[in-house]
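Residue numbers (UniProt numbering), protein chains in the order written: chain X, 1 to 792; chain C, 1 to 164.
Each hint can be trusted.
Facing chain C, a subset of chain X residues (Cβ under 8 Å, in silico):
1. D246
2. D280
3. L718
Hints were generated in silico from the structure; no laboratory data involved. For each residue, glycine too, the CB sits at the ideal point set by N, CA and C.
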Amino acid sequence: MAADSAPHVGRRRLRVEDPRLLTGGGRFVDDVELPGMLHAAFVRSPHPHARILGIDTEAALALDGVHAVVTGADLAEVVQPFVSALERPEVRTLVRDVLTTDRVRHVGEAVAVVVASSRYLAEDGCDLVAVDWAPTPAVADPLAAMTPDAPQVDPDAPGNLVADIRLESGDVEGCFAGADHVFAKRLHAQRHWGAPLENDGVLASYVPATDELTMWCTTQTPHATQSLVADALGMPSAQVRVIAHDMGGGFGARARTSVEEAIVPAVSRLLGRPVKWIADRSETLAAGVHAKEMVVDLSVAVTNGRLTAMRADVISDAGAYSLFPFTSLVDAISAPAAMPGIYVPEALAYRTRSVLTNKSWSGPYRGIGQGVSQVVRELLVDEVARELEVDPIELRVRNMATGDGPHRTHTGFVYDGGSYVQALRAVQERMDYAGLRDEQRRRRAAGEEPYLGIGVGAYVEFSGWSGELGRAHGYPSDYYDSASVTVEPDGSVMVTTGAQSHGQSHETTLAQVAADALGVAPDEVTVREGDTATSVWGMGTWASRTAVIYGGAIMRAAGDVRGRMALLAGHMLECSPDDVEMRDGRVWVAGSPDAAIAFADVAGFAYFGTAMAGHAGTGGGRPGELDVALTSTRPYSPPQVFSNGAIGVVATVDPGTGVVAVERVAFVEDCGTMLNPMVVDGQIAGSVGQAIGAALFEELSYGDDGAFLSPTLQDYLLPTALDMPALDIGHLVSPSPVTEGGIKGMGEVGMVCGPAAIACAVADALAPLGVRIDRMPLDPDGVLDAIRRARD
Amino acid sequence: MSGEQPITVTVNGEPRTAPTEPRMLLADFLRHELGLTGTHVGCEQGVCGACTVLVDGELVRSCLLFAVQADGAAVETVESLGTREALHPIQEAFREHHALQCGFCTPGFLMAAKALLDAEPDPTEAEIRDHLRGNICRCTGYTGIVAAVRAAAQQLAQEGDRGR
Ligand code: FES
Ligand code: FES
Numbered sequence: 001m002a003a004d005s006a007p008h009v010g011r012r013r014l015r016v017e018d019p020r021l022l023t024g025g026g027r028f029v030d031d032v033e034l035p036g037m038l039h040a041a042f043v044r045s046p047h048p049h050a051r052i053l054g055i056d057t058e059a060a061l062a063l064d065g066v067h068a069v070v071t072g073a074d075l076a077e078v079v080q081p082f083v084s085a086l087e088r089p090e091v092r093t094l095v096r097d098v099l100t101t102d103r104v105r106h107v108g109e110a111v112a113v114v115v116a117s118s119r120y121l122a123e124d125g126c127d128l129v130a131v132d133w134a135p136t137p138a139v140a141d142p143l144a145a146m147t148p149d150a151p152q153v154d155p156d157a158p159g160n161l162v163a164d165i166r167l168e169s170g171d172v173e174g175c176f177a178g179a180d181h182v183f184a185k186r187l188h189a190q191r192h193w194g195a196p197l198e199n200d201g202v203l204a205s206y207v208p209a210t211d212e213l214t215m216w217c218t219t220q221t222p223h224a225t226q227s228l229v230a231d232a233l234g235m236p237s238a239q240v241r242v243i244a245h246d247m248g249g250g251f252g253a254r255a256r257t258s259v260e261e262a263i264v265p266a267v268s269r270l271l272g273r274p275v276k277w278i279a280d281r282s283e284t285l286a287a288g289v290h291a292k293e294m295v296v297d298l299s300v301a302v303t304n305g306r307l308t309a310m311r312a313d314v315i316s317d318a319g320a321y322s323l324f325p326f327t328s329l330v331d332a333i334s335a336p337a338a339m340p341g342i343y344v345p346e347a348l349a350y351r352t353r354s355v356l357t358n359k360s361w362s363g364p365y366r367g368i369g370q371g372v373s374q375v376v377r378e379l380l381v382d383e384v385a386r387e388l389e390v391d392p393i394e395l396r397v398r399n400m401a402t403g404d405g406p407h408r409t410h411t412g413f414v415y416d417g418g419s420y421v422q423a424l425r426a427v428q429e430r431m432d433y434a435g436l437r438d439e440q441r442r443r444r445a446a447g448e449e450p451y452l453g454i455g456v457g458a459y460v461e462f463s464g465w466s467g468e469l470g471r472a473h474g475y476p477s478d479y480y481d482s483a484s485v486t487v488e489p490d491g492s493v494m495v496t497t498g499a500q501s502h503g504q505s506h507e508t509t510l511a512q513v514a515a516d517a518l519g520v521a522p523d524e525v526t527v528r529e530g531d532t533a534t535s536v537w538g539m540g541t542w543a544s545r546t547a548v549i550y551g552g553a554i555m556r557a558a559g560d561v562r563g564r565m566a567l568l569a570g571h572m573l574e575c576s577p578d579d580v581e582m583r584d585g586r587v588w589v590a591g592s593p594d595a596a597i598a599f600a601d602v603a604g605f606a607y608f609g610t611a612m613a614g615h616a617g618t619g620g621g622r623p624g625e626l627d628v629a630l631t632s633t634r635p636y637s638p639p640q641v642f643s644n645g646a647i648g649v650v651a652t653v654d655p656g657t658g659v660v661a662v663e664r665v666a667f668v669e670d671c672g673t674m675l676n677p678m679v680v681d682g683q684i685a686g687s688v689g690q691a692i693g694a695a696l697f698e699e700l701s702y703g704d705d706g707a708f709l710s711p712t713l714q715d716y717l718l719p720t721a722l723d724m725p726a727l728d729i730g731h732l733v734s735p736s737p738v739t740e741g742g743i744k745g746m747g748e749v750g751m752v753c754g755p756a757a758i759a760c761a762v763a764d765a766l767a768p769l770g771v772r773i774d775r776m777p778l779d780p781d782g783v784l785d786a787i788r789r790a791r792d
Numbered sequence: 001m002s003g004e005q006p007i008t009v010t011v012n013g014e015p016r017t018a019p020t021e022p023r024m025l026l027a028d029f030l031r032h033e034l035g036l037t038g039t040h041v042g043c044e045q046g047v048c049g050a051c052t053v054l055v056d057g058e059l060v061r062s063c064l065l066f067a068v069q070a071d072g073a074a075v076e077t078v079e080s081l082g083t084r085e086a087l088h089p090i091q092e093a094f095r096e097h098h099a100l101q102c103g104f105c106t107p108g109f110l111m112a113a114k115a116l117l118d119a120e121p122d123p124t125e126a127e128i129r130d131h132l133r134g135n136i137c138r139c140t141g142y143t144g145i146v147a148a149v150r151a152a153a154q155q156l157a158q159e160g161d162r163g164r
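Between the sequences and the hints, there should be enough to build the whole structure, so can you do that?
If you want it as structure tokens, here you go:
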């Protein structure tokens, strides 16, 4: 098959994005400059909890070059507060002023904006703003926040409780009462986050003469942000344009609308001039969207080697505010929902609570809920295996869903099937599991250090987050996601979607989808996203939804356009439209490929009744009934869809220093129809890299008094090239029976199963010492502490 | 602005003069005074390496250097490598090995890789990882980056052989 011949889906296609990004031609927020642009910097709280008695802006305003100092009082009239709500009785609706007027609730919360002719002067101005603080007691620990005398973070959330949700399905009591064994553990998962490499930024330009607002910002949800910001500012959405061209990562941390995305446009509107704000790293760390801090208690009932029931209690640390618009329940709802994972207990119960503390707000980070659930569950499954003296892989296989058909979980998910057992067996083989166990026995017998540990796990990843999947979680709403496909007069193809690509290669992979659906080469297809003025509406890119949802929407829209192209071609070729074939940019009557005409000629005929210059045409005369638009916009909202796979980790642990090294990772994934295997492998490698940070060192630390202890990248450690092990990737392909094209999403894989498998490997290495892992991350202090506790 | 003085820096082979405050960082000077926005700023804390450029052939973090310190020096940025039509072999290798996703870290990695290969045309994988440990990539897990630098070394060696 020629390299440029269909099908293009499934091929390793080099990225369309790369030439500009490799030559310094990316268009990130801070790369945009506008005439008359001013620069903003924020005055932020050094206190975790304090009342604001007064803000003296005089000295700052007196500084040459400072144009304005804007406080919460100035914005109260012009920006509506953010309301974070979920239509469920168990969830409290919380309201946040975008810029506080009376009180700060965490270190790094903004209290004023200084606008100046340069960023340097804006920061000078911040130093001159004098805030009269009255610090009040703060609470940083979610368990402490639930005690009766704890400081109250929000008057609308008595007891610091945002939500308290329970679910019970099956005979949980009976299973536990009749169990051969009951195993239980509590895990503290640390606060960490997506940490995109590009800091947050907003450039807003309000033009008084036209009453239009254009903003460039770091967002994974341009259209949702357009709607929400327009609403907050009291403007029609259609007068607001949000642009997020290139963006230096998101990983969920930008699937939200930030307060700065409302403040900076409001300030631009007050001043009638463009205003740019680019966060520095400290404010991004202190006021970004944190994630995954949870205390999870899990018990399992085991009878005849089978996990018959699970009971989970999740306490999720919301931080000081409920995230806008998804609320603080992102992890709190997903973690218990994902608790069964790949297993099929007869019964399950959970309680989950979202608790306010004096820390930055929390929300999505790759592998929401699933990743932490997997850590506690897989550690516990290994403890069961150890106690029952069963091999951990065999115990898993015995208790797993097979993937042969659909499976409904007690928590409301419907898995669409896949290669659940095969994937784990494939990992077992790829990593030479038996050989590794032999080596481990040999080293243990010889007393060799560092210790060798093996961690394995199988997973399902929920993907294609649509209304149906959201509702299965307990998010009672629908979403609208669409794509448009247009054949231009020259036969080239324009695709727009409501997604936003920040590393996921949409310009490359979605072009492959459109190319196959229309019968043209991918190079003929341009994909435009990340600009609400040029792209059709959608909820954006998060939760592994783009390939499934927008890929499906493109197939549907392209199907419409292809049908119209067939009508036109049927007229040109004097045949029935049903007999028209299209591939590789050529169009012919079935059976006569030699008499093909060019796809471009059909396009030209549609627009001008004749092909464009230089092509053989029909000389005009397009009949009236063929006056069709070669464009279509289609929504797509898929059923629940889950990819699956398995991971094996080989790690060493030095019991003297507590240092863990991940030596090797074997990965087998199954995302159904792969759009582009190179991109799939890239998502695996990237998410495994993040899993190493999540398991071994990333932590946003706070003191008990709420002091923020991770203001730089020297405190918040990210993995480097030295931390990344050799990675061996295999693929299985079980197309989804329920989605367009059989596509399943897989953008979070490594963060779904990786931290768990690494933790299991560490626990395995230290098992002879009687060590149990109940705290993350497993940094040297954490490992040494676990060893010490086992000895005591 | 008070205290501004003109400095002259040879950037990518071209002498550029601009009035500069003593406290202006080299990264800001390149990006905002000269409009060379390929050099990125990820931390201003000297940790992430996104702002990496070459000054008189030495790898530096342009967020840790004042522009005035580069007065009279020769600075090379990502814009000195290839063009869209004719990528530099290191850029080509990055594309071939999917060594970038969001692309924000990429200019820093390209300059760091160039400095490595200028000094050590045939680095081992361990040397590559060690050399790149000062650059953070949040997207790729480094797998593609390390593969790309190895491939670029081979490609450059071949081109060198042909040139000889
Ligand atoms: S911006 Fe210079 S090292 Fe991060
Ligand atoms: S490609 Fe995104 S940080 Fe490296």
